[in-house]
Every structure is written in C-alpha cells, then in structure tokens.
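**Q** Sequence:
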Amino acid sequence: GGEFRSNLHRGGTAEKIQLTPEELTTAIRAAKAIGLPIAGVDMVRSHRGPLVLEVNSSPGLEGIEKATGVDVAGKIIEFLEKSAANDKKGTPRSGAVRDRIKY
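Counting along the sequence shown from 1, when you hit position 94 you're at 1208 in the numbering used here, and nothing is skipped either side.
Worth double-checking, as some hints may not be accurate.
Here are the simulated DSSO-like cross-link-like pairs (lysine-lysine), alpha carbons at most 30 Å apart as the crow flies [stated by the list, open to error]: (1) 1202 x 1189; (2) 1130 x 1180; (3) 1189 x 1203.
Pairwise CB distance ranges (calculated) [stated by the list, open to error]: (4) 1124 x 1188: 23 to 29 Å; (5) 1189 x 1122: 15 to 21 Å; (6) 1189 x 1156: 14 to 20 Å; (7) 1179 x 1137: 18 to 24 Å.
Everything labelled a hint here was simulated from the structure, so no lab data went into it.
Values in this document were obtained by computation on a predicted structure and should not be read as measured data.
Think of the CB as a built atom: it goes at the ideal place given N, C-alpha and C, for glycine as much as any other residue.
All chains should be built: construct the whole structure from the sequences, respecting the hints.
**A** Spelled out as structure tokens, the structure:
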C-alpha cells in the first residue's frame, strides 16, 4: 500500500470549518490523553465519528492562521499568560486542556 499525505507542507490546503461538539470533545480528549495543554489535533470525519490521525505538540500555525484570519500564536500567548497568572494566585486549575483557547 501507498502513503497518502495532504498536509500544507506537501501542497495541501486549509479551510475554516465549524467543529461539531463531538469533534471538539475528541480533540480535547486527544490532547489531554498525552498531557498537552496546547496541541494541534489532526482529525478526519467518518461515518463512525471523528477519527484522530495525529496529535502535534508543536503544531504549525501558518495554515490555520491564514485560513481563519485568527492570530493563533497571539491566542496561545494569552492562554499561557492567563494560566501563569492563575498559577501564581494559587487558583486551582480544572485541567489545562479544559480551559481551551477560544477564538
């Protein structure tokens, strides 16, 4: 069997989509399963529901920023600053992954 890749570095394209609640939950669970507060989760839609292809600890942001018009790097910085401030205050965290970045 051959190999199929469609990532941006190999000429693939990105477009903004609306995640379903199940897709969002799947992405959060995938990142949480390997202990990452910030991750890029590659998924595909299937008749069985969302399938995780890979979880990236250091995801490339250029494609998602271009497709969405959102400064994702800036949102990550805001998230980290808020998390650090909460840690300094002694605020208990409900889990870094649950406090996901919103944009």
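**Q** Of the numbered hints stated previously, which ones are contradicted by the structure, given in increasing order?
**A** Per hint list: zero violations.
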